[in-house]
Amino acid sequence: MSTTEHSEHSEYIDSETGKMGMWLFLFTEIFLFGGLFIVYSVMRAKYGEDFHHGALELNAFIGATNTVVLLVSSMTAAMSLTAIQKNQPKVAIALIFSTLLLAGVFMINKYFEYGHKFDLHLYPGSEVMRNLPKGEIMFFGLYFLMTGLHLFHVVVGGVLLTIVMLRVKSGKINSEHFLLLENGALYWHLVDLIWIFLFPLLYLIT
Amino acid sequence: MNNPSPTAPLNYLNHKTGLWSWMTATDHKRIGLLYLYSITTFFLAAAVLGLLMKIEKVAPGETIMTAQTYNAMFSLHGIIMIFIVVIPGLAAVFGNICLPIMIGAKDVAFPKLNLFSYYVYITGAILGLYSQFANGHSPDAGWTFYVPYSAEVNSNIILALMAAFTLGFASILTGLNFIVTIHRMRAPGMTWFRMPLFPWSLYATAWIQLLATPVVGITLLMVVAERTLHVGFFDPKLGGDPVLYQHLFWIYSHPAVYVMILPAMGVVTEIFPTFSQKPVFGYLPIVFSSLAIALVGYFVWGHHMYTSGMSIESRWFFSFLTFIVAIPSAIKVFNWLSTMYGGSVDLKPPLLYAISFIFLFTIGGFTGLILGAVATDVQVHNTDFVVAHFHYIIFGGMGFGFFAAMHYWYPKIYGRMYNIRWANIAWGFLFTGFNFLYFPMFIMGIQGMPRRYYDYDPQFQMGQTISTIGAVILFIGLIGMISNLVYHVRRGAIAPANPWHGVTLEWQIPSPPPHENFDDIPVITRGPYVFDNPHTK
Amino acid sequence: MENHEESHVTSYALNAKVLLVLLSLTVLTILVIKLHLGAFTVAMALFIASIKTTIVLTYFMHLKFEKPILRVMVGGIFALFAIIIVITFIDYYFR
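Chains as they are written, first to last, in this note's numbering: chain A, 602 to 807; chain B, 236 to 772; chain C, 9 to 103.
Accuracy of the hints is not assured; some may be wrong.
Label pairs and their calculated CB-CB ranges [claimed, not checked]: (1) A:F713 with C:A90: 33 to 43 Å; (2) A:Y724 with B:I361: 30 to 40 Å; (3) C:V80 with B:T760: 24 to 34 Å; (4) C:A90 with A:I663: 22 to 32 Å; (5) A:K770 with C:G46: 52 to 62 Å; (6) A:G772 with C:A47: 54 to 64 Å; (7) C:A90 with A:Y724: 31 to 41 Å; (8) C:V80 with B:G296: 57 to 67 Å; (9) B:A561 with C:A47: 33 to 43 Å; (10) A:Y724 with C:L33: 25 to 35 Å; (11) C:K25 with B:L254: 50 to 60 Å; (12) A:N688 with C:F73: 10 to 20 Å; (13) A:G772 with C:K25: 24 to 34 Å; (14) A:Y712 with C:F102: 42 to 52 Å.
Rather than coming from a laboratory, the hints here were simulated on the basis of the structure.
Quick reminder that beta carbons are idealized off the backbone N, C-alpha and C, glycines included.
Work out the full structure, taking the sequences as your base and the hints as a guide.
See below:
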């Protein structure tokens, strides 16, 4: 039984296999948010007017800024893959670092956005929120749950990309073996994808 | 590593020894055994709970427990059986042990992830147990956690929800691993349609695990948010919609029924050709019916909700699709029977269990049609009829499928043989007890005995007593079967590599299999069920 | 074994172009909302979001250069989700 072919013995997982695993994982993420989108669509059909009033409370400017931030970060993540494939690890590190910086900007924006809501005592369970019309309670409930879960994914993606960056630095990820970078970038694009839907559905309701 | 004695060739059981080597094992067969032992433990615990519930019902009024205890017991029985035993059950145990061997691979695609999902599973299981004994009341909202009750009641619902969430995560990871394994790890020459049918059923199952579980995950999280943050997605007092909870819950939990039953169908599909020494009848129809069940099974969730206030159009739609999903199941039954027809049938314990699977599954399936039709469902909804129906499907189907798999692959797993006579007798007890236990519940259900009641009117005395006697017989059979298997792990006669003259790949390697299954990856040149061994003619 | 299939390299320029398209679509979304098209607003916003999603999947996530099986899977996933939404609304629409 002296085999070196087996994945258990190889430091690197076959890249097609690893990528397929990542895609399947992304499918589960899509259905995780999918459940929330089902609740959103049913509730919006029921409380269209209240959702509109709720959305007016949200800061569409911050929402739009964050959309741009995430789109640009998605591009830098995609470019880092190009860089590592072209055997330019320094460029790759710089690009991943910019992705992380943009993730930081996104979180800072979110901090101010949430902070403002808390100043207005608009948070789940607060006295102010309990006295709102039912549809608006629902809207803010969904708003906090959906953006909160998304924010959690931003944090996880940030941690993942930090690990990727360190591995590129140490040479463990290189122009021959870059599966982890590819998967990390895929995850980051998913974070972007979800925001593409969250932005018009939460911030821009007429 | 110990030096092997010359008489005992190295295999996956003894190539490394010690507790630590088991706890850190990435060998798919060892992980399968870890699941087997955990699941058996939980199964026995929940079976005892079931027995206690039946003893409570031996006479009207309070017999051995209060109503509140009874509520907690059926909740715990349901949560353990569904989330910890039946949903992971066959896929995690026999899927892990057999899938890589049957497709000619040395392991699953991600062995470490496989071990990780076992620990996620154990964490979820412990959380589930903890929810029973932590401060406060043990959860009493049933395994379905219907809101608004589950959002309001003062018991450890959050812990139980987190347990279900965690267990779901383990199930997702197992499914993910299997899909990638089947896509990427098949031996050279093993095309999709040369793959045995148990892997096919696992493939269909894995997709359901992957795509349905996240929906229930987020739903359970929403109930947690509802209890902790007072948001009220489902609570009508806060503007929510309790029927929406049921939609989301059943979007997962109905496909989950197919997570339970599809691998069991796969198991018996392996057993019938082997014990008839005849190629399986209708390979392609079986493959496509598995895929059809998985696909259509997604779209029938509403048949759990006919009485919940859905629109008429919706009820019509779900009822129609429910009848559609019966077709692929029936196709399989015909295929199994035709496989046995004209074969040299060898009535060994695995085949006994497989045949009783068909019997019980058919009864469960037909009564399912009564529940799937809107008009009749309104009559029997939330009665013992439903309980009997899903026990015929889940216990009679998945349970007996599991026992069949256990008796079929036991000599492969341990390299020893159990006592066949003993196994036959235990089967007799199990099968008899099962029907005595659950069949009266159909009749009582039609007469109006509600489910989840710890008490009943005197008119049900007869049926309830028969049912309790059945439960005792069943339990004796269970103990008999398990003690036979446990006793012979070390003391059984040495089993040959291929005791049943099977033709799929797992029978072509030694028993127990070596650590990485194959010294050289086999090259497959033909379909899985070609019987040309000398002893068959 | 290691997989030495040459994987496709997306050029920096293409990535930048894709970003430009995505940004213009974002601006378009905001404009559509400002126009107050009534009932069509949501539909338009979702339609543009789907285009953006497709672009991200195709170029940033390299779906264009992957094996067909992955494309089939991704398409199937979104179709499945759409069907689930439609079926749920068979209940809510007629209630």
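Hints, one by one, checked against the model:
About 35 Å separates the C-beta atoms of A:F713 and C:A90, a value consistent with the hinted range of 33 to 43 Å. For the hinted restraint 30 to 40 Å between A:Y724 and B:I361, the CB-CB distance of approximately 33 Å keeps it satisfied. Checked against the given bound of 24 to 34 Å, the beta carbons of C:V80 and B:T760, roughly 28 Å apart, stay inside it. Between C:A90 and A:I663 the C-beta distance comes to about 30 Å, which sits within the given range of 22 to 32 Å.
Between A:K770 and C:G46 the beta carbons are some 54 Å apart, a value that agrees with the proposed interval 52 to 62 Å. Between A:G772 and C:A47 the C-beta distance comes to about 56 Å, which sits within the given range of 54 to 64 Å. For the pair C:A90 and A:Y724, the beta carbons lie near 33 Å from each other, so the given range of 31 to 41 Å is met. At roughly 60 Å, the beta carbons of C:V80 and B:G296 sit within the given window of 57 to 67 Å.
Checked against the hint of 33 to 43 Å, the C-beta distance between B:A561 and C:A47 comes to roughly 40 Å, which is consistent with it. The hinted range of 25 to 35 Å is satisfied by A:Y724 and C:L33, whose Cβ atoms lie roughly 32 Å apart. Checked against the hint of 50 to 60 Å, the C-beta distance between C:K25 and B:L254 comes to roughly 58 Å, which is consistent with it. At about 19 Å, the beta-carbon gap between A:N688 and C:F73 stays in the expected band of 10 to 20 Å.
The hint said 24 to 34 Å for the Cβ distance between A:G772 and C:K25, and at roughly 31 Å that hint holds. About 44 Å separates the C-beta atoms of A:Y712 and C:F102, a value consistent with the hinted range of 42 to 52 Å.
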